[in-house]
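Line by line, the protein sequences are chains P and B. Residues in the first sequence are numbered from 0 upward in steps of one, following numbering that gives the first Met the number 0. Residues in the second sequence are numbered from 0 upward in steps of one, following numbering that gives the first Met the number 0.
Worth double-checking, as some hints may not be accurate.
As the list claims (entries may be wrong) - Label pairs and their calculated CB-CB ranges:
#: 1; chain 1: B; residue 1: 311; chain 2: P; residue 2: 243; range: 23 to 33 Å
#: 2; chain 1: P; residue 1: 241; chain 2: B; residue 2: 167; range: 40 to 50 Å
#: 3; chain 1: B; residue 1: 167; chain 2: P; residue 2: 148; range: 55 to 65 Å
#: 4; chain 1: B; residue 1: 178; chain 2: P; residue 2: 212; range: 22 to 32 Å
#: 5; chain 1: P; residue 1: 65; chain 2: B; residue 2: 180; range: 40 to 50 Å
#: 6; chain 1: B; residue 1: 244; chain 2: P; residue 2: 202; range: 35 to 45 Å
#: 7; chain 1: B; residue 1: 245; chain 2: P; residue 2: 17; range: 28 to 38 Å
To be verified - On the chain B side, residues computed to face chain P include the following (Cβ under 10 Å):
#: 8; residue: 63
#: 9; residue: 64
#: 10; residue: 73
#: 11; residue: 104
#: 12; residue: 115
#: 13; residue: 229
#: 14; residue: 231
#: 15; residue: 235
#: 16; residue: 303
Simulated from the structure, these hints should not be mistaken for lab results. Note that CB positions come from ideal geometry on N, CA and C, so glycine has one too.
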Amino acid sequence: MKFLVCISNVPDTTTKIAFTPDNKEFNKAGVQFVINPWDEYALTRAIELKEAQGGGTVTVLNVGEADTEPNIRKALAIGADDAIRVNAFPKDAFFVAQQIASIAKDGGYDVILMGKESIDYNGFQVHGMVGELLGIPTVAPAMKLDMSGNTATLEREIEGGKEIVEVNTPFVASCQQPMCEPRIPNMRGIMTARTKPLKVVEPVGDAPRTEVAAYALPPKKEGVKLIPAENAGELIKLLRNEAKVI
Amino acid sequence: MSVLVVVECDGGEVKKSSLEVASYGSQVAQLLGTTATAIAVGEATEANLAQLGEQGITKVLYDAEPRLKDFVNGAYTKLIAAAAQQEDSKVIVLANSNIGAAVGSRLSVRLQASLATNVVELPKNDGGQFTVKRGAFSGKAFADVVLSGDRKILAVKKNSIEALHEAGKTAQVESFSAQLTDADFADAPKQVVMQEQTGGVLLPEADKVVSGGRGMKGPENWNLIEDLAKALGAATACSKPVSDVDWRPHHEHVGQTGITVSPNLYIACGISGAIQHLAGVNSSKVIVVINKDPEAPFFKAADYGIVGDVFDVLPKLTQAVKELG
């Protein structure tokens with residue numbers, strides 16, 4: 000079975016968000032970038048399934064400039080077999096989806112996995128676009144994934160519950176917890192990752208369809224109004240009469 | 000040309016997030032000098048659909064095909080695309096729900112439309128430039144996004160738009176057929192089991208949330224959270240460490256890697272406020288923090304706070320809500 004796992008390179012989850020002076024771009028200065036946490040579920044589960052099947056391959060795909068390579072190597076250290084980097088800044092979800100679909104079409108992958116969204120752009124769009132571009136089913140967001148032959152059983156989150164679905168390969172799924180326990184690379188993995196193939200290809204497709212005109216931070220809070228613990232009930236009156244939320 | 004609004008129904012009722020989306024869509028229609036038509040998905044009743052007039056919808060299309068009762072991505076995409084074509088809709092509005100986002104992304108490819116998800120405000124249409132504000136960086140920032148092309152799809156974040164209620168106005172309900180075939184359902188993921196939460200308020204739809212963290216000390220104390228939530232008509236939630244140790248189920252985990260919520264009221268009990276947790280809740284309108292540590296970082300993001308022991312404070316709050324009547 001051939002797995003394609005799409006990862007994005009995002010600011011570490013503890014990052015304080017700031018933008019360039021023109022507010023057009025995220026300010027990368029001093030920021031550590033990590034594999035998108037949602038994508039780690041996809042990556043680890045693909046590796047687990049490959050190991051359980053005793054064969055197959057896991058290919059990692061990233062759309063990004065050369066500075067994303069440390070995190071691609073990390074994915075290889077965790078256990079992916081090889082990697083492809085599409086040499087382009089990921090301008091919008093449609094642009095990224097076109098790159099993934101183009102590589103998937105040529106590579107004959109059975110299962111395409113990715114996180115449910117990236118923690119920076121939070122689009123929750125790429126999986127569906129890839130499914131539509133390839134004309135194959137999409138399951139999103141998936142909390143469990145098991146394979147038996149060419150049939151996958153997935154637990155899909157629905158609002159207020161879950162649904163168990165079966166789908167045949169090829170398909171696309173976006174992943175979230177509690178799919179698996181994301182792995183941390185071990186020393187052997189880090190050593191072997193250096194020699195695993197990382198192919199760089201140039202982007203294809205049409206222009207992006209969306210463009211960020213400006214980023215902004217949320218307005219600052221006015222400050223907390225403290226209510227003494229012994230008069231806790233007073234809070235409820237304030238929520239009704241002042242904040243008007245109950 | 001009309002604005003097309005995708006309305007999700009469940010058990011005959013229109014979802015609360017869809018009332019917001021219908022209100023959003025009718026205001027976009029006004030901005031563009033046209034009317035708003037809805038396409039209803041899920042199990043709906045004609046009476047409930049007609050009531051969408053109160054949110055400014057003029058006409059509702061409904062396909063009564065029984066297999067559309069449950070979500071099937073491919074079939075829903077075809078249905079909505081057919082409605083968009085019939086109505087010549089240049090703008091399609093849906094909820095930023097699991098269904099809305101899943102269909103919206105497929106639809107954007109099929110209709111060659113530009114797509115913005117997580118939308119929090121009405122769009123601006125200045126000199127032919129269509130711009131919309133969306134949440135980004137897990138709620139830590141916003142982005143003004145320019146959508147190019149002839150067609151646009153907007154997925155509206157829950158609780159960002161106030162639902163309109165113009166009493167007495169009704170929408171005209173028309174049957175609609177996308178002429179779906181067996182093939183539209185054939186490749187779809189087949190549903191094996193459906194487990195729906197029963198009772199209580201659903202977290203993603205809730206406009207009030209009571210949430211507990213490690214300060215609750217154990218799952219046996221969650222009745223304090225549940226009592227307050229019940230009195231307020233709120234959903235319950237928890238922080239990541241709590242779901243990691245299985246005190247509470249994963250679907251209650253709120254934060255950067257859990258569910259992002261934007262209720263009118265978020266009450267955090269015994270949660271210190273790690274940056275990843277704040278990212279999931281800081282677009283809530285009013286945040287209340289109860290923590291015995293006055294240095295808890297969450298107080299910086301709060302509107303109201305009580306420095307005190309959750310085990311003393313929570314019963315007092317529940318009592319006070321009950322006294323409101």
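Results for each hint:
| no. | hint | in the structure |
| --- | --- | --- |
| 1 | B:311 with P:243: 23 to 33 Å | holds, 27 Å |
| 2 | P:241 with B:167: 40 to 50 Å | violated, 32 Å |
| 3 | B:167 with P:148: 55 to 65 Å | holds, 58 Å |
| 4 | B:178 with P:212: 22 to 32 Å | violated, 40 Å |
| 5 | P:65 with B:180: 40 to 50 Å | holds, 48 Å |
| 6 | B:244 with P:202: 35 to 45 Å | holds, 43 Å |
| 7 | B:245 with P:17: 28 to 38 Å | holds, 36 Å |
| 8 | 63 | violated, 22 Å |
| 9 | 64 | violated, 19 Å |
| 10 | 73 | holds, 7 Å |
| 11 | 104 | holds, 3 Å |
| 12 | 115 | holds, 6 Å |
| 13 | 229 | violated, 13 Å |
| 14 | 231 | holds, 6 Å |
| 15 | 235 | violated, 12 Å |
| 16 | 303 | holds, 5 Å |
Comparing the model with each earlier hint shows violations of hints 2, 4, 8, 9, 13 and 15; every other hint is respected.
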